[in-house]
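When you line the sequence shown up against mature numbering (1 follows the signal peptide of the UniProt record, and there is no 0), it's residues -19 to -1, 1 to 404, in that order.
Worth flagging that the hints you see were computed from the coordinates, not collected in a lab.
Honestly, I wouldn't trust all of these hints.
When the alpha-carbon atoms are kept at most 27 angstroms apart in a straight line, the in silico BS3-like pairs for lysine-lysine are as follows [as the list claims (entries may be wrong)]:
| no. | residue 1 | residue 2 |
| --- | --- | --- |
| 1 | K22 | K120 |
| 2 | K225 | K26 |
| 3 | K168 | K120 |
| 4 | K168 | K64 |
| 5 | K168 | K150 |
| 6 | K64 | K22 |
Simulated restraints on C-beta separations [unchecked claim]:
| no. | residue 1 | residue 2 | range |
| --- | --- | --- | --- |
| 7 | V324 | G142 | 32 to 38 angstroms |
| 8 | A38 | E262 | 15 to 21 angstroms |
| 9 | S248 | G161 | 49 to 55 angstroms |
Yeah, the Cβ is synthetic: ideal placement off N, Cα and C, and Gly gets one too.
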Amino acid sequence: MMLLMLRTAALAACIACNAVSMEIDRAFASGVADTKHVVQKSSGKTILHNYVCFQRASHPYVMSGTTRDLDQARNQCCFDLYKLGMLSIDQYTQYCLKRVARIPTVSTYSIQPAFHLAIEEDAGAAATDGIESGKYHQKRDLTVYEDKEREKLTDARYINGVFSPFHLKDFTPVRIRTTGIMKGHIKGDLEEGGGMHRSFRQTIELAMPWIRRLSDRTYATVNATVFLPISESIFIDADDAMLKDYLKGSNSNGSTLCQLRSQNSASISNVICSIDFINAEVIDIEQPSFASRPYVVAFQIMASFELSGSNNDDELRFVIEYGTRIHVRYQEPAQNSSNNELVPVSIQQPVLYSATAKLDITARSTLFSLNLNDVQPAADPVVFTVATGNHSDYWFVTIATMGTAFVGGVLLIRRIDSISTWR
């Protein structure tokens, strides 16, 4: 009897061990995710869905740079979302193909977000039940395989609280050895006023354990990648994407497009900062909002600086600030004049995709990476209003424009005829 009990216990331990091993050794193959959160508006609550198609670097959606291949990849992503129950048939055929945006490839890691689709859903109290405010809730359907047996499995579950729509919990895209982890957060602030051209400033906050207790200087480098979804109502001019008003700074020894400052007693000096603006698709700046499509752009920040800490600090906290210029497209004419021809335009908050910080200490280096298993707060989009035309004024504006052009043309021809060109 005792031998049977021991065998049973050993078998149970083996099963548990295999289960843990499967959980640890599983690798990502492909899949999609719907990450949603509740958005509070003046008109009530809505649910913002961020659909993302993820890819393995060795099996990308887009195999080449041709337009045909890109269109096929869009269709494949939309079909995957529909096939796995994320989208309805109408959303698949009438919306997704025209609105899904390609995400820039910013790393060579095995797991990469490939396409993004945002859909806002009007929701009542019943629809928001079970969705905790201020958190990302992710429904995902992934194909994974167990490394040892190469057996394909399905990971379909609902997760309450994830880092961002561009991340999959328990599947870290960064495969590097780090000394420790750091916390990170980003927030975007839109300039008040400015009409159709406004500054959108973004602030990255990073915090890590301050393991150095000496007062002499430490050389540090920081690398961060940020995703910014762009709706069809706005655009960023890729030829003039970054704000240039961070060129001056007392802690900088040269021209820079960003500003880095400490949030505690640590002193920062000799800052060098550069930013690469990356767009996976050509951004058409001439199209009106109703003829445009959304985009996803990326910012890659690379900063180096010197710092000296205080013996009283247990944590090193600093921020990186930079900005871009947001341009509003011509909006679709309003159907009525109830809102004084003002239409709302929204900008999603930026997403901190990855970040590392390296501190060069005498005889060794300390490397920190972003804690991607942390639960980030789901921030509401920035909403502002812009003026647009009224659909009822269509014929008046058309006739007035054509009449003015005709009169101007006649006057110009008469003036040309009055000038003698013959001697």
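>> Can you confirm whether the C-alpha distance between K168 and K64 stays at or below 27 angstroms?
In response: violated, 34 angstroms
>> Is 49 to 55 angstroms respected by the C-beta to C-beta distance linking S248 and G161?
In response: violated, 22 angstroms
>> Check whether the Cα positions of K64 and K22 lie no farther apart than 27 angstroms.
In response: violated, 32 angstroms
> Between K168 and K150, does the CA-CA distance stay at or below 27 angstroms?
Replying inline: holds, 22 angstroms
> Has the given pair, K225 with K26, been kept, meaning a C-alpha gap of at most 27 angstroms?
Replying inline: It is violated: about 37 angstroms lies between the C-alpha atoms, which goes past 27 angstroms.
> Has the given pair, K168 with K120, been kept, meaning a C-alpha gap of at most 27 angstroms?
Replying inline: holds, 24 angstroms
> Is the hinted range of 15 to 21 angstroms satisfied by the C-beta distance from A38 to E262?
Replying inline: holds, 20 angstroms
> Is it true that the C-beta distance of V324 to G142 lies inside 32 to 38 angstroms, as the hint says?
Replying inline: holds, 34 angstroms
> CA of K22 to CA of K120, is that 27 angstroms or under?
Replying inline: holds, 24 angstroms
Of the numbered hints given earlier, the model fails hints 2, 4, 6 and 9; all others are met.
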